[in-house]
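S.K.: Can you make the complete structure from the sequences, with help from the hints?
Letter by letter, the chains look like this.
Protein chains: 2
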Amino acid sequence: MDADAKKTILRMIPYGLYVLTADDGKGAMGAATVNWVTQTSFNPPLIAVGVKADSGAYAALKSAGGFVLNMLGKEQKGLAFAFFKPAKIEDGAISGQGFTRGSNLAPILDAAIGAVECTVRAVVEQGDHHIVVGEVTGAHLRQAPQGRPDAAILEMKDLGDNVFYGG
Amino acid sequence: MDADAKKTILRMIPYGLYVLTADDGKGAMGAATVNWVTQTSFNPPLIAVGVKADSGAYAALKSAGGFVLNMLGKEQKGLAFAFFKPAKIEDGAISGQGFTRGSNLAPILDAAIGAVECTVRAVVEQGDHHIVVGEVTGAHLRQAPQGRPDAAILEMKDLGDNVFYGG
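Quick mapping for you: the protein sequence lines, in order, are chains A and B.
So the first sequence is numbered by numbering that gives the first Met the number 0: it starts at 0 and just counts up by one.
So the second sequence is numbered by numbering that gives the first Met the number 0: it starts at 0 and just counts up by one.
No wet-lab data here; the hints were simulated from the structure.
Hints are not guaranteed to be accurate.
Which copy is meant is left open, so a pair is good if it fits within one copy or across any two.
[Said to hold, decoys possible] Within a straight-line C-alpha distance of at most 30 Å, the following computed DSSO-like cross-link-like pairs (lysine-lysine) qualify:
#1 LYS6 / LYS156
#2 LYS25 / LYS156
#3 LYS25 / LYS73
#4 LYS84 / LYS25
#5 LYS5 / LYS87
M.R.: The structure is reproduced here in structure tokens:
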């Protein structure tokens, strides 16, 4: 296989940016910027997320059996970069961001334009990131988009001409 | 759960457009436009695709154990719409498109800007679409993009202001 061709072709897949959070209520908490996300079913509503297998967010969601996917708005580059680093809850904020909790305890960022609560239905433990399949069990729309919803989200290409996660 | 909020939030996920093809060499052949695609691992390179469970493409890829994901270019709306309909191979063309075959027999469209050959590594049989996990085993770059690769692909929002597949 031509590795350069593989990289270029896989980078054709467009991505939004999200902060995935999870908390098992027993000390395992994680929050991380992710981009490998797709819906996979209408009924029930399922999404699949590729989550780094050695990350705190992955450990937390496995233990919790659920997670929240926070959608970042077009102008929220700072949030995307903030959650590239390991997250901590301090003074009632997570990495400096105010939040509430979903019914599965996962943090819902006050600043997110929307968030879905998910229950883990399957995990495919293959590769350096594992595939977490979540059923959407709650939805929190913070800012109704003016136009298409997919025009309101922060995208990978908005982070810089040479910023990619994939390939 | 607020169904309208759920729909709007899930529609924030940006999507490219692809033609997924498969052929088991024993009469089961399928080709269908799909958009629920994400990479899920770098090493090995894995992608996940949500494929309608009652479709010919799904039956063909399950039988074949592999598939090709053809990337559509920014101007190839016609191709996306062509493969919304059941595909047939006639006169050496599939739905009127010239093609070659990957090493797994799946059609690689001459018109695609790129294509990856995949071997099926897992299937999550949940929901109205099932999650097909493919390891990328071959890559065919037909047109090297001038700028970012994710600026070269046809996106869902390019199909029309009110065209969505998700929510």
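S.K.: Would you mind marking each hint as holding or not holding in the structure?
M.R.: Status of each hint after checking the structure:
1. LYS6 / LYS156: This pair counts as both: shortest intra-copy Cα distance 16 Å, inter-copy 24 Å.
2. LYS25 / LYS156: neither (37 Å within a copy, 42 Å between copies)
3. LYS25 / LYS73: neither (34 Å within a copy, 48 Å between copies)
4. LYS84 / LYS25: within (22 Å within a copy, 50 Å between copies)
5. LYS5 / LYS87: between (36 Å within a copy, 28 Å between copies)
Violation of the numbered hints given earlier is confined to hints 2, 3; the remaining hints are satisfied by the structure.
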